[in-house]
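Student: Start from the sequences, fold in the hints, and give me the full structure.
Here is what each chain is made of, one letter per residue.
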Amino acid sequence: MSDVKKLMYVNRRAPYGTIYAWESLEVVLIGAAFDQDVSLAFLDDGVYQLTKGQNTEDTGMKNFSATYAALGDYEVTKIYVEKDSLDERGLLLDDLQHLVWEDEDEDWAEKDSIRLVSRAELADLMADQDIMFNF
Amino acid sequence: MSILHIVNKSPYEKSSLYTAVDFVKDSDVVLLIEDAVYAAARGGKAAEKLSGLDISVLGADLAARGIGEDKLIDGVSVVDYAGFVDLVKAKDSTQSWL
Amino acid sequence: MTIEVNGKSLEVDEEGYLANLNDWEPNVADAMSKEDDLELTNDHWEIINFLREYYEEYQIAPAVRVLTKAVGKKLGKDKGNSKYLYELFPYGPGKQACRYAGLPKPTGCV
Chain A
3 MSDVKKLMYV NRRAPYGTIY AWESLEVVLI GAAFDQDVSL AFLDDGVYQL
53 TKGQNTEDTG MKNFSATYAA LGDYEVTKIY VEKDSLDERG LLLDDLQHLV
103 WEDEDEDWAE KDSIRLVSRA ELADLMADQD IMFNF
Chain B
388 MSILHIVNKS PYEKSSLYTA VDFVKDSDVV LLIEDAVYAA ARGGKAAEKL
438 SGLDISVLGA DLAARGIGED KLIDGVSVVD YAGFVDLVKA KDSTQSWL
Chain C
95 MTIEVNGKSL EVDEEGYLAN LNDWEPNVAD AMSKEDDLEL TNDHWEIINF
145 LREYYEEYQI APAVRVLTKA VGKKLGKDKG NSKYLYELFP YGPGKQACRY
195 AGLPKPTGCV
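Residue numbers (my numbering), protein chains in the order written: chain A, 3 to 137; chain B, 388 to 485; chain C, 95 to 204.
No wet-lab data here; the hints were simulated from the structure. Careful, some of the hints might be misleading.
[To be verified] Listed next, the in silico DSS-like pairs over lysine-lysine satisfying Cα-Cα at most 25 Å (straight line):
1) C:K177 with C:K167
2) C:K199 with C:K128
3) B:K432 with A:K54
4) B:K432 with A:K85
5) B:K458 with A:K54
6) A:K80 with A:K8
7) C:K168 with A:K113
8) A:K7 with C:K163
Tutor: Written out as structure tokens, the structure reads:
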């Protein structure tokens, strides 16, 4: 269908320090109703959004890290994480949540949502988008 | 005169931490809060800049960001909000590198 | 605005959603449904409880489309369809059931 656009949400900020990460997530969830070809990219401090074990109890802020696991339910299945950003921060893929989506057509088979990409690969993906939203 | 240097920005996004570090004297303490706590995580590039300094990090902000105390570089003190206040009292003045 | 539940006044927003998630107890759903002239059955409770579990796990109230699919997976295809859910909650399964469950208005509900 020609009216399906390729949309990429580009996330470059850490969670909690600013409101960008949560705002982005809300826009993604709301935008998911419009049946477009959606992907999320995490680079720079954005990779911190996906780390495991976040506990905001003592800060009085909402812990929205649990919400990333719902993205699969919203049919957001393409999550690109840029590898150099992880390296620079001493993070491994294993430090991130294991995000999956369930393929209804294959008896709810679980498939990985996160794809590790290089800066060059991400640049190619960006070049292929109709619209990018930057947070 | 001793100073408590407070940094709250991620070292990977802003240069505030590096500027602060250049101003730190022997009797000073650097307190990392909010996104600056990422600097104290082992294996990150920013951690190298902190060696030899008296560093404290705010525990609540570490926990919010999923950084366990086992992931911190050596020699870092984790403080709670009361410890934050103690640091402010212990030093002659406070410099916030916003 | 407030709603009276068991002699307590609980704060709600202008659309009737609980202001404080922790105020919720099953009597809240009963009180809200009474105002809508709706008798809650086990089928209603199944969905209300499902929503509360979903919120507990993901920290959001799911959009109707997401709810429908998730209910289908957990409770079977005969329940995971909008006809079934709208029969239970005529004002919209997302909005009405979330309100009874003490959750905020669903994210993605425009």
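Student: Okay, which hints does this one fail, numbers in order?
Tutor: Nothing - there is no hint that the structure violates, so all of them hold.
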